[in-house]
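First residue of the sequence shown? That's 29 in my numbering, and the numbers climb one at a time after it.
These are computed hints drawn from the structure, not numbers from a lab. Positions of the beta carbon are idealized from the N, C-alpha and C atoms, including for glycine. Honestly, I wouldn't trust all of these hints.
[Stated by the list, open to error] Simulated crosslink set (DSS-like; lysine-lysine; CA at most 25 Å straight-line):
#  : residue 1 : residue 2
1  : 75        : 260
2  : 42        : 220
3  : 181       : 75
4  : 67        : 220
5  : 130       : 67
6  : 92        : 103
7  : 181       : 276
8  : 30        : 42
9  : 276       : 92
10 : 103       : 30
11 : 130       : 75
12 : 220       : 30
[Said to hold, decoys possible] Pair ranges (Cβ atoms, derived):
#  : residue 1 : residue 2 : range
13 : 137       : 49        : 18 to 24 Å
14 : 83        : 128       : 20 to 26 Å
15 : 72        : 103       : 38 to 44 Å
16 : 127       : 70        : 22 to 28 Å
17 : 53        : 100       : 39 to 45 Å
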Amino acid sequence: MKPENKRNLKYFLKDDIRQETNFRNTAQNIGVPTPPIEKPAPPDARKIPLLEPEAFEVGEMPVKSAISHRESQRKFTHQALSLEELSFLLWSTQGVREWRQKNALRTVPSAGNRHALETYLVVFNVESLEPGIYRYLPSQHQLVLESTPDHLKERMIEAALDQHFAGSGAVTFIWTTIPYRMEWRYAEASYKVIALDAGHVCQNLYLACEAIGAGTCAIAAYHQQRADQLLKLDGDDEFVIYMAPVGKI
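Please build the complete structure, drawing on both the sequences and the hints.
Set out below in structure tokens:
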């Protein structure tokens with residue numbers, strides 16, 4: 029790789045861009061309305077209610093134990109996840125813990141509370157859910173059914189560059205980003221913090237999995253176009269950024 033290309037890639041990790049961005053000209057500062065906190069669901073979409081956090085009877089493991097036992101897992105049993113366990117995992121990674129006026133305070137940190145991520149689920153073996161692709165609606169703590177494509181397992185594995193464990197769990201979490209949700213406030217300084225936000229979310233998934241006797245393994249190496257096509261994304265305004273299969277161990 030040419031030295032100048034390395035410098036350009038390393039630049040992404042630095043915060044020089046913050047000194048070079050004119051924040052007075054961001055969409056927020058020129059009066060453009062705030063983007064929605066999640067993609068809206070079609071009016072006729074099938075929605076599935078999830079168990080509310082106050083009703084959880086799972087996830088009581090001490091934080092110290094969850095951290096000390098956290099380990100990437102690539103082998104899963106054939107045991108299904110319960111809908112309660114899935115509800116807990118979704119709430120732990122992107123759930124709303126409190127509303128303050130119109131601001132949704134989530135269970136994970138995000139730069140400027142912008143939360144430019146969407147959570148999709150490729151469901152294989154979850155009680156009460158048919159196999160298919162779902163999306164989490166944090167504001168309502170519900171799932172919306174996106175599609176039920178054929179050959180789902182095979183397409184998931186292909187999207188993960190033939191890493192077979194991506195299709196061997198009970199469900200695979202796929203996080204996408206809608207960059208404008210962050211750009212609205214931070215303009216050119218958005219992209220590093222979007223990547224950092226994805227790390228916050230996935231670490232919460234690791235710890236929440238430990239608390240229910242499940243495992244996960246983060247996947248950052250995937251086929252971008254196949255992953256985007258699986259979720260029917262345009263690859264520009266929204267695209268896949270991270271994924272992680274989950275299963276009982």
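**Message:** Tell me the hint numbers this structure goes against, listed in increasing order.
**Reply:** 10
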